[in-house]
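Protein sequences appear in the order of chains A and B.
According to the numbering used here, the first sequence is numbered sequentially starting from 8.
According to the numbering used here, the second sequence is numbered sequentially starting from 8.
Hints are computed from structural coordinates only; laboratory data are not their basis.
Hints may contain errors.
As the list claims (entries may be wrong) - Straight-line Cα separation of at most 30 Å, BS3-like style, residue types lysine-lysine; simulated pairs:
hint	chain 1	residue 1	chain 2	residue 2
1	A	K41	B	K284
2	A	K41	B	K41
3	A	K284	A	K313
4	B	K106	A	K31
5	B	K41	B	K31
Claimed, not checked - Beta-carbon label-pair distances, calculated as ranges:
hint	chain 1	residue 1	chain 2	residue 2	range
6	A	I181	B	Q121	47 to 53 Å
7	B	E105	A	S180	29 to 35 Å
8	A	R190	B	D101	51 to 57 Å
9	A	A314	B	D113	34 to 40 Å
In this text, a Cβ means the ideal position worked out from N, Cα and C, and glycines have one as well.
As a plain string of letters, each chain reads:
Protein chains: 2
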Amino acid sequence: MRDGEFAIIERHFKGITQQSGVLKGIGDDAAVIKPDAGLDLVVSTDSLLEGVHFPDGTRPMDLGRRAMCVNLSDMAAMGAKPRWFTVALSVPRDIAVEKWFAELSDGLSYIANQIDCALVGGDTTCGPLAITITVIGQVPSGTALRRDTAEVGDHIYVTGTLGDGAAALDMFSIGNTNSFCERLFEHFYAPRLRIESGLRLREIASSCIDISDGLVADLHHVCSSSGVAAEIDCSLIPIHAHTRRNYPDHSLHWALSGGDDYQLCFTVPERATESLKKMIFEGHIDATRIGLITAGDGVTVIDSSKANTFTQEITDYSGYDHFA
Amino acid sequence: MRDGEFAIIERHFKGITQQSGVLKGIGDDAAVIKPDAGLDLVVSTDSLLEGVHFPDGTRPMDLGRRAMCVNLSDMAAMGAKPRWFTVALSVPRDIAVEKWFAELSDGLSYIANQIDCALVGGDTTCGPLAITITVIGQVPSGTALRRDTAEVGDHIYVTGTLGDGAAALDMFSIGNTNSFCERLFEHFYAPRLRIESGLRLREIASSCIDISDGLVADLHHVCSSSGVAAEIDCSLIPIHAHTRRNYPDHSLHWALSGGDDYQLCFTVPERATESLKKMIFEGHIDATRIGLITAGDGVTVIDSSKANTFTQEITDYSGYDHFA
C-alpha cells in the first residue's frame, strides 16, 4: 500500500481494524491474523462496479453498506461466521477526497461492526469507481453449508421475501413512475444480513445458497451440482405485501427470476423439518417452505392455488450474467 | 459468482484450484480451506489497473504473471508461505473471450504452480481492465516479518538489484529510444519471487519490507514505523551492469527512488550477520549490505566512494502515490 493512500485508509478505517484475532492490522505489507484452532476457513470475493452493480451517483455510505452486505451474503450461505475482510478500491480522482473516504468507511463499519468483522487490509487506486471485498470467515471443521449436497425428498425453504431486489432496481430505473420507497431503498443498499440464520442452519440444512441471481437460477445451481431436480410452488413464494400490491404484474416474476434478493435458499431433510419449524415458531429464523427436491434435473414451477397468472415454463436458468 | 462467468473460470483455472488445504474450491458461494494447525495467517490484497499498473495492450499471459508476482511480493516481505488466492477481474466486453481468459489463466498458473498456491475463488465483471488478487499465506505463530521492528545498529540489506523496475517503465514509455531488453521485460512482468528468501529471513531479519515504491520511500516506512533512522551508502547499492551501462544518468536515481523493483529490503542485527553471510555465500539468498539503522528519523544517503555524481538530498519519501 502506498503512503498517501495508506494515510487515508488508516485515518478513516481505524474503528474497524481492531477486532479480535488481528495480530497485525493495516500498515504492513500484509495483515497477520489468528484463526481459532481447528476450524475451517471460508473465503469469498465479490466486486461491485458503478453502473453495473449500483447506480451512478450512489452515496459512499450506501456503497459501503451494500458492498459489505453483498459479500457477507456468501458467508451466510456457507454457514460461516465472518471474521476479517480486505477492501480494494478504485476511485476516480475527482471524488477521491477525505469526505468521500470517511463516508464510505462509515458505511463499511456500520455493517462490519454489527458482526464484529475486522478490516485487515486494502488497496486504493485511481480509476473507475469499483470496490472489491474479500471476506474470510470460520466454520467448525466439516460443517460448511454447500450447494452440492441436496437430496431427493428434501424440503426447499427461503428466508425473508423475494422480488424486492428487482423491485428496487425498477425503482432506480429511468422512467420509473412509482414513488420512492424507503423499504426498497434500504433493501437494496443494506439487505438484511442472514449470518445468524446461516449459523443456525448448519445443524439443519442439507444444502444452502444465497439468492443473488434470482430464485430459479440459484436453485438451479443447487440442482445441477447436487444431481437432483426441484419443484417449487409459486403460490407459496413469500412476497412482501407492498411489492405485491405496488407491482401486481411483476412481483411473482421478480420473485422467481429477479436478482439482488440476498436471501438464503436452503434444503432440509424430512427428519429435520420439525426442528426447523420450532426455530421458525420461536422467531430464530424467518423462513418459508416453497417446494421439494425431486429426482431428475432442472427446476419446475407449479401453481397449486391456480391463483397466479404466471404460467411461463422456466427454460432460462442463467439469471443475470455479465457476459451473457 | 454468476453462471456464464463461472463457466469461464471453471474451465480455465482448473489446473490451479486443486492444491493442498482446499476442502471446497471454486463453485460454491465461497471456498472452504484448511490452514495448518497453530499457524498465523497472512493476508494481502493488491489491485492492478490498465494504464496505471501495466501498459495498455499488455498480453493477458503477462498480466497474469505480473498480478501474481506483485501480490506474492507482499507475502515474501512477511516471511509467509502463500497457500491460497482469489482473483477479482474487471474485463471490457470486447476482450472477454475464451482465448483471453485462457491466456490470463496460463499466466496466473505459471507463477502459482511454482509455489503450490491454489486459486480458491473469484469474481468476474464487465468493466475497465483491472485485476485484484487477495493472497492468504501462513507463518509459524509469531514469526511474521514486520516493518516496525528495526533497531538501531541493525545492518540494512536488499535482495537482487535495484532500478530495474524504473528502467522497464522507461523502456515501455513513449519516446523511448533504447532498444527492447528481454531482461527488463521479464523483470517487469515476472519479477523474481523472493518467497524462499522471506522464509529464510524469518530466523535472521529484525524487519522486512518489499520495495514497490522505491528503496528510499520503502525504507522510510521501516524507519517511521520502527522509530529509527537509516543511513545508506549509494556506492553499495546493487545495480545490474546492463542497467548501469544503458542508463548511466538515471540508474542510481532509479535504484534509490524508482518503483516496481519487488526486491526485499531487510534489517539484520549484528549478531545475525554471520549467519546471513553464510547463507549468501552458500547461495541460499542473493542479498547486499547497503547501510545501517541509526538513531533519529528519516533516510540519509551518503556516498563513501565519492564516485557517484548523485548528491541530491532525500527530502521526498513519498514514492509513487496515486493520489499525490
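Self-check item: Violating hint indices (sorted, rising)
Solution: 1, 4, 8, 9
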